[in-house]
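These protein sequences, in sequence, are chains A and B.
For the first sequence, position 45 matches number 50 in our numbering, and the numbering has no gaps at all.
For the second sequence, position 83 matches number 117 in our numbering, and the numbering has no gaps at all.
Be a bit skeptical, because a hint or two may be false.
[Unchecked claim] Covered stretches of chain B (chain A as the covering partner; in silico rule of three or more C-beta atoms under 8 Å from a C-beta of chain A): (1) 125-139; (2) 142-150.
[Claimed, not checked] Every beta carbon over 10 Å from chain B, so not counted as near; a handful from chain A, in silico: (3) Ile-9; (4) Gln-39; (5) Arg-47; (6) Glu-57; (7) Gln-77; (8) Leu-113.
Keep in mind that the hints were calculated from the coordinates and are not lab data.
Idealized CB from N, CA, C, for every residue including glycine.
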Amino acid sequence: SQKIEQNSEALNIQEGKTATLTCNYTNYSPAYLQWYRQDPGRGPVFLLLIRENEKEKRKERLKVTFDTTLKQSLFHITASQPADSATYLCALVEPGGFKTIFGAGTRLFVKA
Amino acid sequence: SAVISQKPSRDICQRGTSLTIQCQVDSQVTMMFWYRQQPGQSLTLIATANQGSEATYESGFVIDKFPISRPNLTFSTLTVSNMSPEDSSIYLCSVDGTGDTKNIQYFGAGTRLSVL
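Based on the sequences and whatever the hints tell you, model everything.
This is how it looks when you write it as structure tokens:
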């Protein structure tokens with residue numbers, strides 16, 4: 006079955022630097038891949054979606070890449086701010102689009 | 035987008051009792067999803083609730099333990115029955131967006147359940 010691997014260790018970076026988070030999956034390529042942000046005590050909030058045939062997607066300070074050969078997505082936050090501190094979840098939508106599988110997330114701490 | 039209200043936000047329950055979690059959406063949706071999120075782990079789909087039919091449960095989850103109601107297109111409940119400490123978790127409901135946002139999931143704030 007499909008599995009998603011995200012770095013379980015927290016990522017600590019200095020304000021202003023670029024944060025890069027990794028998402029690897031094990032089996033078939035998904036229809037598309039998503040990134041969500043989750044703050045403590047809240048539900049996940051959608052950030053970006055990238056499709057199988059797209060290499061890169063940007064939204065303001067966020068950038069997502071998708072490499073189906075490596076079975077990997079990278080999520081970048083440029084000019085990071087303390088307010089970016091949160092857990093970031095990678096999610097894959099299976100072909101057919103009915104089921105979403107989530108990774109466990111990576112916790113990001115941005116220090117001022 | 036969709037706005038989801040979920041309640042209760044948290045509860046502490048005794049072993050052997052049941053808790054019903056409510057999820058209200060501000061628009062009509064076909065499918066509603068119930069997830070469980072244990073500390074440090076990924077969201078695990080419990081079941082998909084369609085209005086007018088039985089919920090579809092994922093492997094490892096059964097209706098007797100997690101009965102679901104879906105009386106209309108904006109509301110659903112999940113009951114955690116005969117609770118044990120292993121049921122302590124965050125329970126989340128979600129819906130798919132529509133139109134341009136149909137590939138996006140919108141989540142409630144979650145219900146943090148502790149079972150003693």
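Hints versus structure:
With 5 residues carrying a beta carbon less than 8 Å from a beta carbon of chain A, the stretch 125-139 of chain B meets the three-residue requirement, and the given coverage holds. Check result for the stretch 142-150 of chain B against chain A: holds, 4 residues qualifying (beta carbon to beta carbon below 8 Å, three or more required). The Cβ of Ile-9(A) sits about 7 Å from the closest Cβ of chain B, inside the 10 Å cut-off, so the non-interface label is violated. Not every Cβ of chain B is farther than 10 Å from the Cβ of Gln-39(A); the closest lies at roughly 7 Å, contradicting the non-interface assignment.
Against chain B, the non-interface label of Arg-47(A) is violated: not every CB pair exceeds 10 Å, the least being about 5 Å. With a cut of 10 Å on Cβ distances, Glu-57(A) stays outside the contact zone with chain B, its closest approach being about 12 Å. With a minimum CB-CB distance of about 17 Å to chain B, Gln-77(A) clears the 10 Å threshold, and the non-interface call stands. Interface exclusion of Leu-113(A) from chain B stands, the closest Cβ pair being 15 Å apart, more than 10 Å.
In summary, the structure is inconsistent with hints 3, 4, 5 from the numbered list given earlier, while agreeing with the others.
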